[in-house]
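S.K.: Generate coordinates for the entire structure from the input sequences, incorporating the hints supplied.
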Amino acid sequence: MATNPGGPIAACPRCGQANPGPVACPRCGVIFAKLRPRTAPSATSSADDEAEETRSGFPWLSASAVVLVAVCTVAGWRSLRAPRPNPGVRMAPTVGVRTLSQSREPREAEPPPPTLAPVAAPPVEVLQAEAAGLVDEDRQKAESLARRLPAVGPGDVTVAEQLYARHPETRNLLEATLLNVAQDERRRRRFTEAAVLLQRATVVQVEVARPCLALMDMLIETGDWAGAESAARTAIAREPRNADAWHGLGFALMRQDRNTEAAEALRASLEIRPDATAQALLNRVSKGMADEHGMTEQHLSHFHVRYDGEAHEDVGREILRALERHYATLASALDHQPQATIPVVLFSRQAYYDAAGAPVWSGGVYDSLDG
1 MATNPGGPIA ACPRCGQANP GPVACPRCGV IFAKLRPRTA PSATSSADDE
51 AEETRSGFPW LSASAVVLVA VCTVAGWRSL RAPRPNPGVR MAPTVGVRTL
101 SQSREPREAE PPPPTLAPVA APPVEVLQAE AAGLVDEDRQ KAESLARRLP
151 AVGPGDVTVA EQLYARHPET RNLLEATLLN VAQDERRRRR FTEAAVLLQR
201 ATVVQVEVAR PCLALMDMLI ETGDWAGAES AARTAIAREP RNADAWHGLG
251 FALMRQDRNT EAAEALRASL EIRPDATAQA LLNRVSKGMA DEHGMTEQHL
301 SHFHVRYDGE AHEDVGREIL RALERHYATL ASALDHQPQA TIPVVLFSRQ
351 AYYDAAGAPV WSGGVYDSLD G
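In terms of the numbering used here, the sequence shown opens at residue 1 and continues consecutively.
FYI, nobody ran anything at the bench for these hints, they're computed from the structure. None of these values were measured; they are calculated from a predicted model. We put the CB at the ideal spot given by N, CA and C, even for glycine. Do not rely on the hints blindly, as some may be mistaken.
[Stated by the list, open to error] Pairwise CB distance ranges, derived in the manner of DEER restraints:
| hint | residue 1 | residue 2 | range |
| --- | --- | --- | --- |
| 1 | 331 | 189 | 52 to 58 Å |
| 2 | 226 | 318 | 27 to 33 Å |
| 3 | 226 | 333 | 21 to 27 Å |
| 4 | 271 | 300 | 14 to 20 Å |
| 5 | 128 | 154 | 47 to 53 Å |
| 6 | 299 | 188 | 35 to 41 Å |
| 7 | 207 | 329 | 45 to 51 Å |
| 8 | 332 | 154 | 36 to 42 Å |
| 9 | 126 | 332 | 33 to 39 Å |
| 10 | 279 | 188 | 15 to 21 Å |
M.R.: Printed below as a string of structure tokens:
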């Protein structure tokens, strides 16, 4: 099909669309600029056309190469001219434009979980003394079990349960067996089996906090904050002056975004026994409470939300409705609902900067990532 150089295209050479326009065919999308000759319709050979096509992109490539070489040359010259650092001389701080990493305060480290003292079962001597009053066969079983502690297994739990059913005075022996077997299961990362054993120990031994502390420690490791809180409160009810129980309670409450209660528990732990980890955790919680001072707090079915209710009451209500709506959609799609309440804190721009030490635009980036 012949085309009119420089003039309108009468019909599309691919699909036959009449009067398709000067740029591209609206039906098939072919670009007509590629059909137009690049030179005047005078005598121009096909070989010249191919050479012209080859040379058409050369000036742009040359310019890009020149710019790239110039940038590399300047960068190399500056690196050669820059003074080499002397390890023995402290450099003065540079005044000028600061990068993002320089302008932000160092990110606060994640608070470590409480470091609890190992939960020790009753001494073997005590267990053997308690077994001395049993009949011969049961006494031999109890003494053998006590001697093999802590190297006991699930089968020994059955033996200890049978002894306890016949002789309630062997309560300490059963508790010691449960604690040691649970510790071994926990070491093997079999947390479900360990939790069953520890919960049984809390029922068998109702006067001391040992099994409750062991259960609390394991639930903190697995991230079951509500379960860890319950175990800590049970331990405190049995031993109100137990610093480890108060420390674990504060950590579990902090993880549930209940900072006021967490601060009270941590202060109680520090009053009983000074501890650097508990003090660092209290400082972290106190800073969060200061950043969120004056905020409206609402407990919803799935969220624990705090926001500036006086300044943004209407926006806050709309966000709460959106949270619940999207939660229902996501839970339906995944066929799963988290057991723990989800903490949400809504900051204004200035409050976000004061709390996080991050530039304002980073909050928008996080919002985009969250979807």
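S.K.: All hints, please: hold or fail.
M.R.: Status of each hint after checking the structure:
no.	hint	verdict
1	331 x 189: 52 to 58 Å	violated (28 Å)
2	226 x 318: 27 to 33 Å	holds (29 Å)
3	226 x 333: 21 to 27 Å	holds (25 Å)
4	271 x 300: 14 to 20 Å	violated (34 Å)
5	128 x 154: 47 to 53 Å	violated (23 Å)
6	299 x 188: 35 to 41 Å	holds (38 Å)
7	207 x 329: 45 to 51 Å	holds (49 Å)
8	332 x 154: 36 to 42 Å	holds (40 Å)
9	126 x 332: 33 to 39 Å	violated (56 Å)
10	279 x 188: 15 to 21 Å	violated (34 Å)
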